[in-house]
Amino acid sequence: MPTFRLHEEPLQEAWLDAYGHLNEAYYLVPFSNATWKLQDKFGIGTAYFDRTGCALYTLETHLRYVAEVRPPAMLSIETTILGVDAKRLHIGHVMWSGGRERATFECMLLHYDTRNGQAAPFGEMTGRELNAAVLAPAPEWAGRAVRRLR
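Residue 426 is where the sequence shown starts when you use the numbering used here, and the numbers rise one by one after that.
Take the hints with a grain of salt, since some may be wrong.
Pair ranges (Cβ atoms, derived) [unchecked claim]:
1. E438 / A563: 45 to 51 Å
2. E485 / E434: 32 to 38 Å
3. L574 / T539: 18 to 24 Å
4. R476 / G568: 30 to 36 Å
5. L574 / G445: 24 to 30 Å
6. R573 / D538: 19 to 25 Å
7. R489 / R540: 35 to 41 Å
8. T483 / R572: 19 to 25 Å
9. Y482 / R573: 37 to 43 Å
10. R513 / P427: 30 to 36 Å
Calculated from the structure, these hints are not laboratory results. We treat Cβ as the ideally placed atom computed from N, Cα and C, and that holds for glycine.
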């Protein structure tokens with residue numbers, strides 16, 4: 426199904442490390458900003474939280490560094506839904522800059538009812554819309570783990 430291009434932002438000078446490229450900690454910032462845009466697209470962003478008390482909490486992440494990012498750079502994030510069940514959403518992002526893939530990020534999000542203090546199923550319509558948007562097959566980088574050294 427679809428891939429979404431919902432977020433783009435310029436590389437910030439404050440995000441650079443001593444080597445003059447994007448510091449590893451700051452890759453997460455544009456990916457997180459893209460996650461908020463995806464939530465808004467599916468009606469499960471901050472307005473939804475204000476109305477229902479339900480939010481998406483991050484359970485797990487995996488970030489792959491593919492190529493360095495140096496200034497000046499515009500960071501464009503491509504987003505996909507990799508899977509969904511009653512209470513969880515698995516998403517992936519690809520960071521592009523200068524026409525090249527720079528990094529990938531995936532995370533597992535939990536739909537959480539903050540008023541009741543527990544995980545809660547997505548609403549029926551939201552669940553249908555999220556399921557209809559699942560990318561199949563998933564990209565080759567999705568679902569990987571850090572390689573173990575012997």
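So, going through the hints one by one against the coordinates:
Taking the beta carbon of each, E438 and A563 are about 35 Å apart, not inside 45 to 51 Å as hinted. Checking the proposed 32 to 38 Å range against E485 and E434 shows it is violated: the Cβ atoms sit about 24 Å from each other. The supplied range of 18 to 24 Å is broken by L574 and T539, whose beta-carbon atoms lie about 40 Å from each other. Checking the proposed 30 to 36 Å range against R476 and G568 shows it holds: the Cβ atoms sit about 33 Å from each other.
For the pair L574 and G445, the beta carbons lie near 29 Å from each other, so the given range of 24 to 30 Å is met. At roughly 37 Å, the beta-carbon separation of R573 and D538 lies outside the given 19 to 25 Å, and the hint is violated. Between R489 and R540 the beta carbon distance is about 36 Å. The supplied range of 35 to 41 Å therefore holds. Checking the proposed 19 to 25 Å range against T483 and R572 shows it holds: the Cβ atoms sit about 23 Å from each other.
Range check, Y482 to R573: about 28 Å between beta-carbon atoms, so the 37 to 43 Å window is missed. Checked against the hint of 30 to 36 Å, the pair R513 and P427 fails, with Cβ atoms roughly 20 Å apart.
In this structure, the earlier hints numbered 1, 2, 3, 6, 9, 10 are contradicted, and the remaining ones agree with it.
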